[in-house]
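Asker: Here is what each chain is made of, one letter per residue.
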Amino acid sequence: MNLEALTAEREIVVVCGSGGVGKTTASAAIALGAARRGRRACVLTIDPARRLANALGLEELGDEAHEVSLRKGSRGRLFAMTLDAKRTFDHLIEEHAPSTAARDRILANRIYGQLSSAVGGSQEYMAMEKLYELHQAGEYDLLVLDTPPSRNALDFIDAPNRMTRFIEGKALRFLTEGGMRAGGLGLRALGQASLVAWRAVEKVVGVTLMSDLTEFLLAFEGMYDGFKERAAAVRELLADRRTVFLLVTTPERAPIEEAVFFWRRLVEADLPFGGVIVNKVHPDELGDERHRAAATLRRAATAQLVEARVDPELAARVADTFLAYQALAERDRENVRVLARRLGPEPLLEVPYLDHDVHDVPGLVRLEPYLFGATA
Amino acid sequence: MSLLDRRVLIVSGKGGVGKTTVAAAVALAAARSGRRTLAVEVSTQHRLARLFNAEAPEHAGEETPLYPNLMGLSIDPQRALEEYLVLALKVRVLAERLVESRAFGYVTAAAPGLKEIVTLGKVWHLSEERTRDGDPRYDLIVVDAPATGHGIGLLRTPRSFLEIARVGRVHAEARAIADFVADRSRTGILLVTLPEEMPVNETVDALGRLRESGLDADAVVVNALYLKRFAESEGDALRSLQPGGETARAAVRAALSQIARRHDQAGEVRRLGRATSVPRVELPFLFAPEVDVEAVSELAEVVGPALEGLR
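Those protein sequences? They're chains Y and Z, same order as listed. One rule links them: number in this note's numbering = place in the first sequence (from 1) + 203. One rule links them: number in this note's numbering = place in the second sequence (from 1) + 153.
None of these hints come from the bench; they were simulated from the model. One or more of the hints may lead you astray.
Stated by the list, open to error - The list that follows gives simulated cross-link-like pairs (lysine to aspartate or glutamate, EDC-like), each with its CA atoms no further than 20 angstroms apart:
(1) Lys406(Y) to Asp417(Z)
(2) Lys483(Y) to Glu349(Z)
(3) Lys381(Z) to Asp445(Z)
(4) Lys483(Y) to Glu443(Z)
(5) Lys483(Y) to Glu537(Y)
(6) Lys483(Y) to Asp417(Z)
(7) Lys406(Y) to Glu451(Z)
(8) Lys381(Z) to Asp560(Y)
(9) Lys381(Z) to Glu537(Y)
(10) Lys431(Y) to Asp293(Y)
(11) Lys483(Y) to Glu571(Y)
(12) Lys381(Z) to Glu516(Y)
(13) Lys406(Y) to Glu235(Z)
(14) Lys381(Z) to Asp336(Z)
Please put together the full structure from these sequences, using the hints given.
Answerer: Laid out in C-alpha cells, this is it:
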C-alpha cells in the first residue's frame, strides 16, 4: 500500500476496523503524515471517549476543528475534531424541516432525543453526514475519518440507507395510521388486523412511547425526500474514487476474521478499498535463523550471552523471554500470511508492535516510516 | 459473601481488551469452585463455546455444556425480544405475526434500548429460575456484555429506558431490571481494561458514567500485565551489553522490549490506582499464540481467588 500516493490523490480516507486494534492512532498518524507532506489534513472521530484527543496528546478535543501544531518546516497543516452526532443530526433537521413548528416538534420529541444520540446506526450515519458536509465546504485537502468500532460492518456501510428506510413514509404507514386511529384522529381507515397489532405493541411498550413515536414520525413527513436525496449524495461520495477505505487490524485471529468480513462487505458494496494495515506485529528478531528449534535457540542464546559475561541465571531468563516473544512473532507472521492469502492481491502494510504506546505527536511521527516509507 | 456469591456478574469494557476471555475465566473459576454457573454472551457468534472447544448448540438460544458445572448461552437480542413479546402478549399467533411485520422492526429500532432491556430481562429471569427442589438453577450467571461506545451501554440502558417508556409493561420490567442491576447483593459489575494509556482513560471515564447512572463497578480487571522478569540493575546491564552472537543480540532486544513495556504498564496501573479506589484485579499477559481453554484456565487460577477475596 502506498499511503504517500493515496493521501496525495484522494480527498477522503475512511479508516475501519474492530475495537482495540489502534484505529484511532492509525487515523491520526495518516493525517499527520499527509500534513507533513504538504496537505491541509483534518482527522475526525465520533468516538465520545476522547481517543483522538488522547492519540494526539491533547487534553480535550471539541467539535470545532483544532489545529495541531507540527514541527517547524512542515509544509502542510493538521487539524482534528470530534464529531458531535446529536448536533449534526439537529443541524440536518433544521435544514430539512418544512416549518419551524415541525422542526421544534422533532427537536423536542423524546424518541428523537434518544435516536439522535444513542440508536445504533445513527452515529455512523451522522459521521457520514458530517464528512459529506466538510467535504462540500472544501476547507481541507484531505479528510481522515476514524470510524466507530462497529461490530457489524453493515451498520456502517448501510447507515445512510437504513436511516432513510426508517423514516420513509410508506414503510411507516402502519405506525402513523395506527397512531391516528388509536389516538382518535381517525384520518384513514386502518385494517382491522393492523389495528390489533398496533394495540398489541402499545400494550407492551406503553401508550406514551407509541404516541411519542407517532408524533415523531408525523413530524418527519415532508422531510423524507430531502433526507433521501442527501443519503444518495453521501453514498455517491463514498463510492467515488476521491474516497478510499482502509482497514486496520492486529495480527490476532479474531480481529483478522472481522477484517476479512469487513473487506468482503466493502467490496460487495462496491466501495473503493485501499488496503489493510496490520498493527502491532511482534517483530521477528531472528532473520534467517527462524527455523531453528526452540531448544537449539535457547542453547545458542544462553551460550552467546554467557560468552559476553552475562550471569548464567540472567542469561537463562533472557533466553526464556526471547523464546516467548519469538512464539508471538511466529504466530503473527503466520496470521499475516493467512490474511494475505485471503485478501489476494490487496495491499497489506505491517506496523511493528513498538516498545512504547503512541499517545502524542512525537509518537505518531515514530509510526510514520512504517506507514509512509521514508520520512517527509 | 464474596463477589462470586452474587447471582449475576456483568463483565463490561471496550472492545479489544479481552472481555470475553476474562468473562470465560471468571465463569470457569466459579464452576471449579462448585458453583453451578452459566456463561452468557450477547451475540450469535458463540465465541465462548469456541473458547471451550464446545460445539455450538444445534438450535440458537439453547444452553450448551462448556465444562463440568458450566453451561454457556448465546443471547441474540432480536430473538430475545421476540420471545419476550410472545410472553407479554400471551397469544403466540399474534406475537409471531407482529414479529414478522416490517413495522415491528421499525418500532424496535425506534425504541432505543428495548433489545438491551429484554436481554438483561432474560438474564434476570434465568437467575430467578429454580430447580424442582427449590434451589436456584444457577448459582452464578456471568455475562460477557457487548462492547458499546463506552463499554457500559448495557448497564445504563434500563435507567435511560425508563425515560422514554413511562408506562406499560415494559416500563415495569425496566424498573425491575434497573433495580436488579443496581442491587449489589445480587449483581456485580466488573470492568475489564488494559494497562495502556487509552484504555485506562476510558475506564476512568466509564466509572464516572456508571456513577451518574447510580451504579458502581465492584472491580476493575487489568488484563495482560507483563510480569516483572528483570530487576532494574539487570535492565541497565543488558542495555550496555553488546554480545557478539546474533541470537544473543536478538534475545537482548526481546528482553529490553519486555522491560520497556512492563515499565510503561506499571505506570498506567499506578495512574489507574490514583484515579479510582475501585478494587483492582491484575491478570498476567499470556505468551500463548491463541487464547484457548488452557489460557482461560491459567487466568481462572488467578481471577478466581482474587474475586473470592473481594466483598
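Asker: Within a Cα-Cα threshold of 20 angstroms, do lysine 483(Y) and glutamate 443(Z) meet the stated pairing?
Answerer: With a Cα-Cα distance of about 15 angstroms, the restraint between lysine 483(Y) and glutamate 443(Z) holds, given a limit of 20 angstroms.
Asker: Is lysine 483(Y) within 20 angstroms of aspartate 417(Z), Cα to Cα?
Answerer: Status holds; Cα separation ~16 angstroms.
Asker: Between lysine 381(Z) and aspartate 560(Y), does the CA-CA distance stay at or below 20 angstroms?
Answerer: Since the Cα atoms of lysine 381(Z) and aspartate 560(Y) sit roughly 18 angstroms apart, the hinted pair holds (cutoff 20 angstroms).
Asker: Taking only the CA atoms, is the gap from lysine 483(Y) to glutamate 349(Z) under or equal to 20 angstroms?
Answerer: holds, 14 angstroms
Asker: Is the hinted pair lysine 431(Y) and aspartate 293(Y) satisfied, with a Cα-Cα distance of at most 20 angstroms?
Answerer: holds, 17 angstroms
Asker: Holds or violated: lysine 483(Y) with glutamate 571(Y), Cα cutoff 20 angstroms?
Answerer: Roughly 14 angstroms between the alpha carbons, so the hint for lysine 483(Y) and glutamate 571(Y) holds.
Asker: For the pair supplied as a hint, lysine 406(Y) and glutamate 451(Z), is the alpha-carbon distance within the 20 angstroms limit?
Answerer: With Cα atoms ~49 angstroms apart, lysine 406(Y) and glutamate 451(Z) exceed 20 angstroms; violated.
Asker: Given the proposed pairing of lysine 381(Z) with glutamate 537(Y), does the C-alpha separation stay at or below 20 angstroms?
Answerer: Violated, at about 28 angstroms.
Asker: Has the given pair, lysine 406(Y) with aspartate 417(Z), been kept, meaning a C-alpha gap of at most 20 angstroms?
Answerer: violated, 55 angstroms
Asker: Holds or violated: lysine 406(Y) and glutamate 235(Z), Cα atoms, limit 20 angstroms.
Answerer: holds, 15 angstroms
Asker: Between the alpha carbons of lysine 483(Y) and glutamate 537(Y), is the straight-line distance 20 angstroms or under?
Answerer: holds, 14 angstroms
Asker: Check whether the Cα positions of lysine 381(Z) and aspartate 445(Z) lie no farther apart than 20 angstroms.
Answerer: It is violated: about 24 angstroms lies between the C-alpha atoms, which goes past 20 angstroms.
Checked against the numbered hints listed earlier, the structure breaks hints 1, 3, 7, 9, 14; every other hint is satisfied.
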